[in-house]
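Q: Whole structure, please, built from the sequences with the hints as guidance.
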Amino acid sequence: MNLPKTYDPHAYESDIYSLWEKSGAFTPKDRGTGETYSIVLPPPNANGNLHVGHSLMFALQDTAIRYHRMKGDKTLWLPGSDHAGFETQDVYEKHLNKEGKSRFDFKRNDLYKQIWEFVAENKGVYESQYRRLGASVDWQSYTYTLDPKVTKQAHATFKKMWDEGLIYRGERLVNYCTFHRTGFADVEVEYEDAVTPLYYIKYGPFELATTRPETKFGDTAVAVHPDDTRYQKYVGQRLTIEGVEGPFEVDVIADEMVDRDFGTGVVKITPAHDPNDWEVAQRHNLPAVRVINHDGTMNERAGRFRDMPVLEARQAVADALEAKGLLIKIDKKYKNRVGKCYRCKTVIEPMLMKQWFVDMQPLAKPAIKALEQKQITFYPDSKRTQLITYLENLRDWNISRQIIWGIPIPAFQNIDDEDEWMYNDTIDQELIEIDGKTYRRDPDVFDTWFSSSSWPYATMNYPDGDLFKDFYPNSLMETGGEILYPWVSRMIMLGLYVTGDIPFKEVYIHGYVMAEDGSKMSKSKGNVINPIEVIDAYGSDALRLGLTTGRAPAVNRGYDPRKVEDARNFCNKLWNIARYIEDKIGDEYHLRSNPTVHTDADAWMLRKLQLSVTDMARLYETYRFSEAAEYIYHLVWDDLADWYIEASKVQPNPSVLAYALETILKLAHPLVPFVTETIWQTLRWEDENLLITSAWPRALEDSYADEADQFEAVKDVVSEIRFIQSSLGVSKSRLVFSSSPVIAAHEHLIASLGRLNSVERGEISGGIRLTSAEAWLDLDDKTIQAYRNKLQAQIDTAQQHIKNLEKRLSNTSYVANAPKSLVDETKQQLTDTKEALKTLQHTQTQFV
Numbered sequence: 001m002n003l004p005k006t007y008d009p010h011a012y013e014s015d016i017y018s019l020w021e022k023s024g025a026f027t028p029k030d031r032g033t034g035e036t037y038s039i040v041l042p043p044p045n046a047n048g049n050l051h052v053g054h055s056l057m058f059a060l061q062d063t064a065i066r067y068h069r070m071k072g073d074k075t076l077w078l079p080g081s082d083h084a085g086f087e088t089q090d091v092y093e094k095h096l097n098k099e100g101k102s103r104f105d106f107k108r109n110d111l112y113k114q115i116w117e118f119v120a121e122n123k124g125v126y127e128s129q130y131r132r133l134g135a136s137v138d139w140q141s142y143t144y145t146l147d148p149k150v151t152k153q154a155h156a157t158f159k160k161m162w163d164e165g166l167i168y169r170g171e172r173l174v175n176y177c178t179f180h181r182t183g184f185a186d187v188e189v190e191y192e193d194a195v196t197p198l199y200y201i202k203y204g205p206f207e208l209a210t211t212r213p214e215t216k217f218g219d220t221a222v223a224v225h226p227d228d229t230r231y232q233k234y235v236g237q238r239l240t241i242e243g244v245e246g247p248f249e250v251d252v253i254a255d256e257m258v259d260r261d262f263g264t265g266v267v268k269i270t271p272a273h274d275p276n277d278w279e280v281a282q283r284h285n286l287p288a289v290r291v292i293n294h295d296g297t298m299n300e301r302a303g304r305f306r307d308m309p310v311l312e313a314r315q316a317v318a319d320a321l322e323a324k325g326l327l328i329k330i331d332k333k334y335k336n337r338v339g340k341c342y343r344c345k346t347v348i349e350p351m352l353m354k355q356w357f358v359d360m361q362p363l364a365k366p367a368i369k370a371l372e373q374k375q376i377t378f379y380p381d382s383k384r385t386q387l388i389t390y391l392e393n394l395r396d397w398n399i400s401r402q403i404i405w406g407i408p409i410p411a412f413q414n415i416d417d418e419d420e421w422m423y424n425d426t427i428d429q430e431l432i433e434i435d436g437k438t439y440r441r442d443p444d445v446f447d448t449w450f451s452s453s454s455w456p457y458a459t460m461n462y463p464d465g466d467l468f469k470d471f472y473p474n475s476l477m478e479t480g481g482e483i484l485y486p487w488v489s490r491m492i493m494l495g496l497y498v499t500g501d502i503p504f505k506e507v508y509i510h511g512y513v514m515a516e517d518g519s520k521m522s523k524s525k526g527n528v529i530n531p532i533e534v535i536d537a538y539g540s541d542a543l544r545l546g547l548t549t550g551r552a553p554a555v556n557r558g559y560d561p562r563k564v565e566d567a568r569n570f571c572n573k574l575w576n577i578a579r580y581i582e583d584k585i586g587d588e589y590h591l592r593s594n595p596t597v598h599t600d601a602d603a604w605m606l607r608k609l610q611l612s613v614t615d616m617a618r619l620y621e622t623y624r625f626s627e628a629a630e631y632i633y634h635l636v637w638d639d640l641a642d643w644y645i646e647a648s649k650v651q652p653n654p655s656v657l658a659y660a661l662e663t664i665l666k667l668a669h670p671l672v673p674f675v676t677e678t679i680w681q682t683l684r685w686e687d688e689n690l691l692i693t694s695a696w697p698r699a700l701e702d703s704y705a706d707e708a709d710q711f712e713a714v715k716d717v718v719s720e721i722r723f724i725q726s727s728l729g730v731s732k733s734r735l736v737f738s739s740s741p742v743i744a745a746h747e748h749l750i751a752s753l754g755r756l757n758s759v760e761r762g763e764i765s766g767g768i769r770l771t772s773a774e775a776w777l778d779l780d781d782k783t784i785q786a787y788r789n790k791l792q793a794q795i796d797t798a799q800q801h802i803k804n805l806e807k808r809l810s811n812t813s814y815v816a817n818a819p820k821s822l823v824d825e826t827k828q829q830l831t832d833t834k835e836a837l838k839t840l841q842h843t844q845t846q847f848v
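In terms of the numbering used here, the sequence shown opens at residue 1 and continues consecutively.
Treat the hints as calculated values from the structure; they're not laboratory data. Treat the hints with care, as some may be off.
[Stated by the list, open to error] The calculated DSS-like cross-link candidates involving lysine-lysine, where the alpha carbons are at most 30 Å apart (straight line), are:
| # | residue 1 | residue 2 |
| --- | --- | --- |
| 1 | K469 | K152 |
| 2 | K383 | K365 |
| 3 | K834 | K820 |
| 4 | K573 | K71 |
| 5 | K365 | K354 |
| 6 | K202 | K233 |
| 7 | K101 | K113 |
A: Following this line, the structure appears as structure tokens:
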């Protein structure tokens with residue numbers, strides 16, 4: 001026997017992956033004669049380890065790619081990693097902080113080189129993790145988001161937008177982190193519920209409420225709702241307001257933005273530090289006055305509060321207002337939504353800055369049209385409609401980031417005229433001279449989402465690369481829901497804008513892998529699962545299958561170690577089945593190519609396999625990964641192991657055993673590639689070298705339906721016998737039948753499968769009658785009476801439970817006042833209990 005007694009994944013996985021890689025199985029060149037199928041891997045962060053969420057992503061994508069490879073499609077799974085501009089620089093800054101240093105201690109180019117080397121040190125780590133997870137990616141196409149071809153494409157897109165007027169340099173509000181000193185896109189801001197003081201202050205003739213009294217130095221208006229009759233007489237006036245630093249003037253305006261139920265219905269307008277106020281200012285032509293510096297301190301407009309951090313200034317201004325009799329009261333229990341930096345949790349400061357923006361509406365409209373026409377299929381479809389809504393309300397995109405780690409923006413400013421800018425991709429120089437003028441390069445870099453939005457085609461060397469010509473649009477974009485808006489939406493918009501075509505045909509959104517208790521995994525909570533540790537304990541297949549089982553698109557689900565253990569047990573079961581079949585086949589592996597039917601069990605197994613080939617293909621094609629996992633589990637554990645192999649012990653047929661093993665290894669391979677390939681390599685198949693590149697099985701032409709139905713009848717009889725024996729606690733019994741063709745034709749098989757002492761023809765004398773055939777189990781009176789008593793006790797309990805439930809539902813107060821979900825649950829319990837009672841009462845009639 002070639003297969004060892006036990007399956008140890010650690011003894012095989014590394015060698016199996018090397019075998020795949022060296023064979024060229026991952027490379028699309030000259031492989032596949034069918035349609036093209038491609039996935040471009042969402043690039044994990046280059047500076048850190050993969051987490052268990054990545055493991056799910058890899059498992060789902062690898063399952064799809066392996067199926068299509070076996071199907072005969074020309075497949076490409078293109079790997080890569082993300083320079084993750086802001087995140088990586090943040091990680092490196094923390095590294096510097098431990099050494100007592102800061103990014104401000106280094107020149108720009110020197111710091112860039114240090115981060116490059118820091119990331120390069122980690123490169124081997126995540127590539128080895130790819131391999132540990134079994135990712136069958138085309139390593140020859142590996143792309144890094146700072147590779148020249150990606151940089152070139154980002155610059156080309158910027159230039160195209162510049163020339164077409166979609167890029168503009170504007171002074172607008174941006175989401176700004178004063179700790180990291182960089183701006184963020186709207187979708188990158190994390191909002192948290194918080195309790196913040198709400199200050200009621202005297203403001204000329206008004207009383208108004210604000211959470212930010214320190215920004216009053218930038219107030220340029222007071223606003224009320226147009227329909228608020230309390231303040232109509234003030235609208236249009238210019239008032240002099242007494243402040244802590246003396247009087248100042250503001251205009252009184254009417255705008256529907258004002259919530260009449262907030263505070264007193266009067267709000268101060270600070271355009272430079274509030275996004276809603278900024279929009280109001282644009283409508284009413286109000287000036288914007290910035291009073292906060294980029295480092296989070298107050299500027300010179302704050303007078304004596306200058307250089308104070310914002311929070312310190314807030315309290316100081318409140319104290320000054322109180323001292324001057326302008327502070328009316330403070331609501332210390334006001335609930336508010338506060339935007340924070342997703343890395344350091346610093347409160348985001350809306351900051352008026354000059355940045356590069358993209359006019360999004362001309363990009364959004366074609367994307368909305370493509371989505372409405374369902375040119376891209378979403379799993380689930382609800383994400384498509386969500387994306388349409390998002391695009392319909394999209395604001396212009398700030399693509400400038402005030403960091404050094406990333407792709408420099410190819411724009412240069414005239415040092416003598418700050419309003420004169422020119423495009424130039426000479427990004428390795430700070431200064432350039434053209435026509436006697438000196439220009440300085442913009443110190444900012446692109447928002448990472450801007451450069452990575454070209455990922456589906458930049459990785460394939462658009463527009464002339466062979467990969468682009470063969471594999472664009474990509475077949476599938478599989479990713480997490482958290483980047484539906486920041487990335488998926490932008491890939492669709494830029495794909496249509498740059499290439500004229502959608503970037504991918506299908507989008508599958510997987511849910512988060514949560515902690516076991518359902519909470520989000522967090523390093524600070526200590527509940528993060530390291531996938532490599534799980535692989536070390538259980539093997540890669542167990543992790544992959546365990547994560548896949550029980551998951552639906554876009555549904556968050558907790559990590560369940562029991563499912564990983566179940567998956568490990570499945571791999572062991574498959575291994576043991578292979579060992580058994582290997583022993584029974586001997587050297588006659590060729591028999592698998594032409595299985596012959598000798599018994600009804602043979603026909604039933606071939607019928608099952610025929611249906612399974614079609615069903616598993618359908619599940620893989622439609623990305624119903626969890627259903628595929630459940631299907632193969634029951635096919636292996638129940639159909640093959642519990643029924644056919646047990647039947648084959650009575651009536652052996654090596655040809656069907658061999659065919660069943662080959663077919664099931666192929667069906668299971670996309671889900672559990674290591675154990676299936678290990679078995680495949682260990683068995684003496686004479687015409688196939690690698691399972692990974694073998695052909696997807698073909699369904700047999702003969703359905704064997706009639707013979708298969710006969711074995712289904714045998715199964716019904718045996719299942720009922722097993723149930724009764726289990727209920728009675730009887731290990732062996734005698735089956736007597738009168739006129740059952742099924743039993744008569746399969747006496748020895750039923751005796752073996754039913755673990756019976758004997759199967760005999762005879763007349764009814766006593767025992768328990770079967771419902772599946774004209775037969776009964778011949779049992780002694782003591783055993784039967786014990787079973788009668790057990791059944792009656794269960795019937796009594798069910799009847800009492802029904803009375804209690806009916807009484808509860810007849811209580812009009814309960815039905816009217818209890819939560820609807822609880823009432824519905826009670827109704828369902830009543831229905832279920834009544835059905836169970838019918839079954840128990842029917843069982844009573846089976847006594848002879």
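Q: A separate judgement is required for each hint: does it hold in the structure or not?
A: Hint-by-hint comparison with the structure:
1. K469 with K152: holds (19 Å)
2. K383 with K365: holds (17 Å)
3. K834 with K820: holds (21 Å)
4. K573 with K71: Holds. K573 to K71 sits at ~26 Å (cutoff 30 Å).
5. K365 with K354: Roughly 26 Å separates the two Cα atoms, so the pair holds.
6. K202 with K233: holds (18 Å)
7. K101 with K113: Since the Cα atoms of K101 and K113 sit roughly 16 Å apart, the hinted pair holds (cutoff 30 Å).
The structure shown violates none of the earlier numbered hints.
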